[in-house]
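Undergrad: Note that the UniProt record's numbering numbers the sequence shown so that position 147 is 147, with each residue one more than the last.
One thing to keep in mind: the hints can contain errors.
Stated by the list, open to error - Only pairs whose alpha carbons sit at most 16 Å apart, straight line, appear in this in silico EDC-like list of lysine to aspartate or glutamate:
(1) Lys11 to Asp143
(2) Lys4 to Asp143
(3) Lys6 to Glu131
(4) Lys4 to Glu142
(5) Lys11 to Glu142
(6) Lys6 to Asp121
(7) Lys6 to Glu19
(8) Lys32 to Glu142
(9) Lys141 to Asp7
(10) Lys4 to Glu109
(11) Lys45 to Asp7
(12) Lys11 to Glu109
(13) Lys32 to Asp12
(14) Lys45 to Glu131
(15) Lys4 to Glu131
(16) Lys6 to Asp143
Simulated from the structure, these hints should not be mistaken for laboratory data. Note that this is a predicted model, so its numbers are computed, not measured.
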Amino acid sequence: MLLKVKDIMTKDVITVSPETEIVQATRLLLEKRINGVPVIDKDGKLVGILCQSDLIAQQKKLPLPSFFTFLDGFIPLTSMKQLERQIQKVAAITVVQAMTPNPVSVTPETSLSSVAVLMVDKNFHTLPVVEAGRLVGIVGKEDVLRTLTSDADQA
């Protein structure tokens with residue numbers, strides 16, 4: 001039997017909105033032990049995906065030069081306030097600023113072999129499943145790997 005995305009996808013999807021704060025989204029990824037989370041707007045449309053790699057990239061993008069002067073010991077009190085302001089700026093960042101917009105998605109009818117190719121070629125860990133413009137599920141690398149082990153168990 002040829003497995004399709006609908007046979008292995010998770011239907012109960014954890015999602016965030018573009019306005020969700022990064023700190024909150026990061027906590028969600030860590031607590032739920034997931035690599036990525038779909039970003040949906042108020043109409044339930046998929047607008048992006050937020051992965052751990054996006055969060056790491058976002059962190060690198062934010063220069064904190066005041067921090068380095070702090071390390072060198074040149075820290076007048078005025079720059080302490082600037083440092084605090086920059087840290088607040090990092091904390092106030094929302095998902096929309098870090099997410100990957102228009103993510104690659106699959107449909108419930110996509111074959112598992114197509115999913116595997118996408119994951120290997122593009123190094124995707126998580127693929128949103130979309131039907132008629134709406135998010136209906138999510139498929140992760142673990143879901144695909146699980147089918148391989150269950151195939152082996154049946155052999």
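Undergrad: All hints, please: hold or fail.
TA: Verification of the supplied hints:
Using a Cα cut-off of 16 Å, the hinted pair Lys11 and Asp143 holds, with the two alpha carbons roughly 12 Å apart. Restraint check: the Cα-Cα separation between Lys4 and Asp143 comes to about 11 Å, which is no more than 16 Å; the hinted pair holds. Between Lys6 and Glu131, the direct Cα distance comes to roughly 11 Å. Compliance with the 16 Å bound is thereby established for this hinted pair. As the CA atoms of Lys4 and Glu142 are separated by approximately 15 Å, the hinted pair is consistent with the 16 Å bound.
Only pairs whose Cα atoms come within 16 Å are accepted, and Lys11 paired with Glu142 is accepted, the gap being roughly 15 Å. Pair hint Lys6 plus Asp121 does not hold up; C-alpha atoms about 22 Å apart against a cutoff of 16 Å. Note on Lys6 and Glu19: the hinted pairing is violated, with a Cα-Cα distance of about 29 Å set against a maximum of 16 Å. As the CA atoms of Lys32 and Glu142 are separated by approximately 14 Å, the hinted pair is consistent with the 16 Å bound.
Among the hinted pairs, Lys141 with Asp7 is consistent with the structure: their alpha-carbon atoms are about 14 Å apart, no more than 16 Å. For the suggested pair Lys4 and Glu109, the alpha carbons sit about 6 Å apart, so the restraint of at most 16 Å is met. At most 16 Å may separate the alpha-carbon atoms for a hinted pair to count; Lys45 and Asp7 exceed this at roughly 22 Å. Taking the CA atoms of Lys11 and Glu109, the gap is about 14 Å. The hint holds against a cut of 16 Å.
Only pairs whose Cα atoms come within 16 Å are accepted, and Lys32 paired with Asp12 is accepted, the gap being roughly 13 Å. Our distance criterion of 16 Å between C-alpha atoms is met by Lys45 and Glu131, whose separation comes to about 10 Å. Among the hinted pairs, Lys4 with Glu131 is consistent with the structure: their alpha-carbon atoms are about 14 Å apart, no more than 16 Å. Straight-line distance between C-alpha atoms of Lys6 and Asp143 comes to about 11 Å, which keeps the hinted pair within the 16 Å bound.
Hint compliance for this structure: hints 6, 7, 11 are not met, and every other hint is.
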